[in-house]
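K.L.:
Chains as they are written, first to last, in the working numbering: chain A, 130 to 458; chain B, 26 to 294; chain C, 95 to 357.
By construction, these hints were calculated from the structure, which means they are not laboratory data.
Fair warning: this is a prediction, and the values are worked out from it, not measured in the lab.
Heads up, a few of these hints could be off.
If we take Cβ atoms under 10 Å as the criterion, some of the chain C residues that face chain A in the derived model are [claimed, not checked]: (1) Lys-114; (2) Asp-192; (3) Ser-349.
Derived SDA-like pairs: lysine to any residue, alpha-carbon spacing no greater than 20 Å straight-line [as the list claims (entries may be wrong)]: (4) C:Lys-346 with A:Ile-143; (5) B:Lys-214 with C:Ile-142; (6) A:Lys-305 with C:Gln-197; (7) A:Lys-145 with C:Lys-345; (8) C:Lys-114 with A:Glu-180; (9) A:Lys-219 with C:Lys-345; (10) C:Lys-345 with A:Ile-222; (11) C:Lys-345 with A:Ser-285; (12) C:Lys-181 with B:Trp-210; (13) C:Lys-109 with A:Leu-242; (14) C:Lys-113 with A:Ser-285; (15) C:Lys-199 with C:Lys-345; (16) A:Lys-223 with C:Leu-344; (17) A:Lys-167 with C:Gly-189; (18) C:Lys-119 with A:His-241; (19) A:Lys-259 with C:Ile-104; (20) C:Lys-293 with B:Ile-60; (21) B:Lys-111 with C:Asn-132; (22) A:Lys-428 with A:Thr-448; (23) C:Lys-346 with A:Asn-216; (24) C:Lys-264 with B:Val-52; (25) B:Lys-214 with C:Asn-132; (26) A:Lys-136 with A:Lys-163; (27) A:Lys-219 with C:Gln-197; (28) A:Lys-354 with A:Lys-219; (29) A:Lys-166 with C:Gly-189; (30) C:Lys-346 with A:Ser-285; (31) A:Lys-219 with C:Lys-346; (32) A:Lys-211 with C:Gln-197.
Here a beta-carbon is modelled for each residue, glycine too, at the ideal position from N, C-alpha and C.
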Amino acid sequence: MKIIEVKNLQKTFISKKKYKGKEKWKHLFKKKEKIIKKAVDDISFSVEEGESLAFIGPNGAGKSTTIKMLTGILYPTSGEIKVLGYNPSKERIKLSKEIGCVFGQKEQLWVHLSAMDNFLFVGSIYDIPKKELLERIEELSSVFEIKDFINQPVKSLSLGQRMKCEMVASLLHKPKLLFFDEPTIGLDPIAKETLRNLVKKMNKELGITILFTSHDVGDIEEVCKRVIIINNGKIMLDDSMKNLKYHYLNKKIVEVNLKKNIKIKEKEGIKVLKAKDTMYKIEVDMNITSMDELMGLFKADDLQDISISTTPLEDIIKTIYRGANDEMV
Amino acid sequence: MMKWFNKYLSVFKTSFKQEKDTTLNIVFRAVSFLIMIYIFFQLWNYIYGQNGTSQIIKGYSLEQMIWYLIITELLYYTCRYGLIVKEISDEIKNGNIAYKLNKPYNYYLYQITSFMAKSCFSLIFLLPIAVIMEFGFVGIVPSFTWAQIFPCLLSVLLSTFLSWTIYSIIGLISFWIQDSTPFTWIFSKFVMLLGLFFPVEFFPNWLQPFIKYSPIYSIMSGPASLVANFSWKLFAQVAISQTVWAFVFILVGIGIYNLGKRRVTANGG
Amino acid sequence: MGVKNNLFMIFRYVKLNLKKQAQYKTSFAMQIVMMILNNAFFLLQWIIVFNITKSIGGYGFKEIVVLFGICAGSYGVAHLFFNGAYKIGDLIYEGKLDVYLTQPKNVLLNVCSSSTSVSAIGDIIYCFIAFIIAGATWWWYLAVIPVLIIGALIYVGVVVCFQTLAFYIKRGNAIADMISSAITQFGAYPPVIFDTVSKVLLYTIIPCGFMYFIPMEYIFLGFNIWWIVGMVAFAIFVDALAFILFKIGLKKYSSGNLISGRL
C-alpha cells in the first residue's frame, strides 16, 4: 500500500527586495521588487508502507519544506499530496492523529515536568482515553526502557534519556508514519548513535514507516533503506541504499607499499592517483576490472603493505550535488 | 577632565546611534502616549465641565492641568525605567558584569549615560507631539512666554537624568538581592501617584512639604508645574533641587557600585 | 465531544503551566500578590479625584472600584486561559507554529491556550476583592463570572485579529500590542467622559464598550436585555472573525525555514 503519494509538488516563497541606505528612501513609495524563490520545484515520489526513507540535501535544498508540506504545516503552491489517503492541507486534523513528527533541536517536552506529566498532556492533545493511554505508556516504557526515570523532571535527565522520552511521546497515539526533520542536528556522536538505534527499532520492531531528513550522511547509511537526494528543490536521485552503494561505491581505493620501486602501468579501470617512492594510491573500478588484474601488475613477494577502502558515501553525495550545480551552469 | 568627558560623550553617541534601530518601537510608544493624553484630556474636561467651565481647581485651570499632564506623561514615556533596572540586574545575575568591571569606565555612570542617550532619542519623537498637543489642542496657558522654552527643556532633561541615577541604583541592588523588580515597582508607583497624575497642590496640606522636598517632585511635578505655570523663581527652585538630588544619587550610586563590585570578585572564582 | 475535548485541553494546559511555575513558590506567590497590589494602587488616584468632585457623571468611588474590578478580572481570565493569543505574532514571525500544526487540535485554540500567565490569578482575585470593597450583593458575584468570560473572549478575539497581521507584515504583533494596551488604558475610566470619536472606537476596534461599559451600565447599575444580547453577539462575531482571519493567514505561514532564507 502506498502511504505517501506526491505529484508535481511545488512551493514558492515570495519576499520583497530590501534596500539599504539611500536606496531605501528612493524605494520608499515605489513598489518593491519581488524575489521569487522556488523552494520545492516540481517533485514527485511515493512511499510504501513499512519503508524507511531518507531525504538528504544541503541546507536550503528544500527537504524541510517538503516534509512540512507533507505534515500539513505549509500549504503547497501547486501539486498534489496524499498522505495516508488524506490531503494534508485540507484534512490536517485527521492526518495528524495518524502521523508523528520529531523536529530536531526543538524540545517538544516540558522540561520542568516529569515524563509522565508530559505523556498525560500528549494524551489530552490527541484525545486518547485515559485507560488506553496508561496501557500504551506502560507498553512503550518497557520497549524503550524508561521506567526508572519516568517520574523525574525531564530537565534532570541525560540527553539520551530525554530522547527516549521524546520518542515515547511521539508514539503514544500509535502513528503509522513518523517524520524526522533533522533529528540529529547538534547532537554529539554518542547521542546520534542512540537516536539512530531508536529510529531503527521503531521501523523494525513496531513496523512504522519512517521519513527522515538530514544532511548527515551517517544517519542515512545506518537508518534508511531508500534515499532521495534533493538539491535546489529538485530530486537528483531516488534509489535504494543498496543500489546507491552499488553504483557509486564500486570504486575501491587501494594503497600499496612495495619493497622495490616498480612502475605500475595504468590500465582500463585502474588509475594511479598518487605515487611517491614505493607508495601508491590506486583507484580500481570494480565494474570494469577486478582486484586480480591489479594484483597481476606486481609480484606478491614485492608487497610490503596493502589497504583497501571504499569511497565514503559523503564524497559520493558531494559528487552528485556538484553534478547538479554543473547542470545549472 | 576633558578626556573623562569625551569618553562618556562617545558612550552617549554610540548608544544614540544604536537606538535608531528601534525607531518603530518609539512610534508605537508615541501612539500609546497620545491615547493616554487623550483619555486624561476627556476626563479632566468632564470634571472641569461638571462644575461650570473656566473654573480653577486648586489653582489650576483646565489648560494648565492638561499642560501639566502632558509633561508628566512625556517624562514617564521618555524613561522606560523597567529597561535599565532589568539590564543591570540581568548583567549582575548572569555574571556578565565581570567583563565590564575591568573596562576603563565606571559601570554606573556608563549605564546612566547610555540610557540618557535612549531617552534623548525618544524625546526627539515625543517632544514634538507634546508641543503640538499643548499648543494645538489645549491652547496657550496665560503664563506662557517664549523665554521659558529653554529653561523648561533644561528642566525636562535634568528630570530624565535624575530618574536614571535613581533607577540605576535600584538595578544595582541586585548585587545583594536576587530580584530588584519589587523596588522598581514601589518607586515607580510613588512617582505615578505623587507626581504623574496630580500637581502637589492636589494633596492634603500636611503631605505637601514632604512631596516638595522629595526627589519625586524633582522628577515629575517640578518640571511639569514649571511648564504649566512658569516663573523664574520656580525655575530656580526646581533646577536647584534637581541638581542637588542628582549629585546626591550619583554619589550614593558610585558608593553602592564600589561596594557591590567586591561581591562579584568574591563570586567569580 | 469536540467541545469537551477542547475544554479538557485548555484546562490541562493551565494546570501544567501552573504546576511548572509553582516549582518556584516564592516567585509564584510574589507575582500574584504584586498584581493585586498593583491594581489596588490604581484606586488611590481616584481617592484624590473624588476629593475634588463628588461624582463623575454618576460614577462615584464605588462604581469606579467595580468597573476597574471587571477590567482587571477579564484581563486576568484572558491571560490565564489564552495567554498564547498575545504571542501569536511573534510565533508567526519566528516560524514557531510548526508544533501546533502537527497536533490534532484547532491550531488557534491550541496556540492560545498553550501559555498561562501567573500574575493573571492576581487580577482575578483582585476583581473579587474589589467587589467586596464595593459591598456587592450576591447577584453581582454571580453575574460577574459570565461577564469576565465574555469580556475575555472579546479581548482575545480582537487581539488575535490584529496578531494575524503578522502573516503579512513584519511588525504585525506591535500593532496588536498597541490595541491590547489601548483596551486596558480606556477601560478603567467612566464611559461618560468620552466624546463621540472615542465612543465609535470603543464599540469597534478597542471594544471596551462591549467588554466593560455594557456590563457595568446594564447588568450592575441597571438592566437592559438588548444591550446584553448585543454584547454576546459581538463576542461571537469577533471570535468567529478571529478564527476566519487566522485560517486565511495560515496559508501564508512560512515556517522557520524562510527566516533563515531571509538572513
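K.L.:
All the hints need checking, so say for each whether the structure fits it.
P.N.:
Verification of the supplied hints:
1. Lys-114: Status holds, d = 4 Å.
2. Asp-192: With a closest approach of 5 Å, the C:Asp-192 hint holds.
3. Ser-349: Holds, because the Cβ-Cβ distance from C:Ser-349 to chain A comes to roughly 5 Å (cut-off 10 Å).
4. C:Lys-346 with A:Ile-143: holds, 10 Å
5. B:Lys-214 with C:Ile-142: holds, 15 Å
6. A:Lys-305 with C:Gln-197: Holds, at about 15 Å.
7. A:Lys-145 with C:Lys-345: holds, 18 Å
8. C:Lys-114 with A:Glu-180: Outside the cut-off at roughly 39 Å; violated.
9. A:Lys-219 with C:Lys-345: Given pair A:Lys-219, C:Lys-345 holds - Cα atoms ~11 Å apart, limit 20 Å.
10. C:Lys-345 with A:Ile-222: Within the cut-off at roughly 15 Å; holds.
11. C:Lys-345 with A:Ser-285: Outside the cut-off at roughly 39 Å; violated.
12. C:Lys-181 with B:Trp-210: violated, 24 Å
13. C:Lys-109 with A:Leu-242: Measuring from Cα to Cα gives roughly 11 Å; hence the hint holds.
14. C:Lys-113 with A:Ser-285: Given that 20 Å is the threshold and the Cα spacing comes to 17 Å, the pair holds.
15. C:Lys-199 with C:Lys-345: holds, 17 Å
16. A:Lys-223 with C:Leu-344: Distance of about 18 Å is within 20 Å: holds.
17. A:Lys-167 with C:Gly-189: holds, 18 Å
18. C:Lys-119 with A:His-241: Holds: C:Lys-119 and A:His-241 sit about 14 Å apart, inside 20 Å.
19. A:Lys-259 with C:Ile-104: holds, 17 Å
20. C:Lys-293 with B:Ile-60: holds, 14 Å
21. B:Lys-111 with C:Asn-132: holds, 19 Å
22. A:Lys-428 with A:Thr-448: violated, 35 Å
23. C:Lys-346 with A:Asn-216: holds, 18 Å
24. C:Lys-264 with B:Val-52: holds, 15 Å
25. B:Lys-214 with C:Asn-132: Distance ~8 Å between B:Lys-214 and C:Asn-132 Cα, so the pair holds.
26. A:Lys-136 with A:Lys-163: violated, 27 Å
27. A:Lys-219 with C:Gln-197: Roughly 14 Å between the alpha carbons, so the hint for A:Lys-219 and C:Gln-197 holds.
28. A:Lys-354 with A:Lys-219: violated, 31 Å
29. A:Lys-166 with C:Gly-189: holds, 18 Å
30. C:Lys-346 with A:Ser-285: violated, 39 Å
31. A:Lys-219 with C:Lys-346: Holds, at about 15 Å.
32. A:Lys-211 with C:Gln-197: holds, 18 Å
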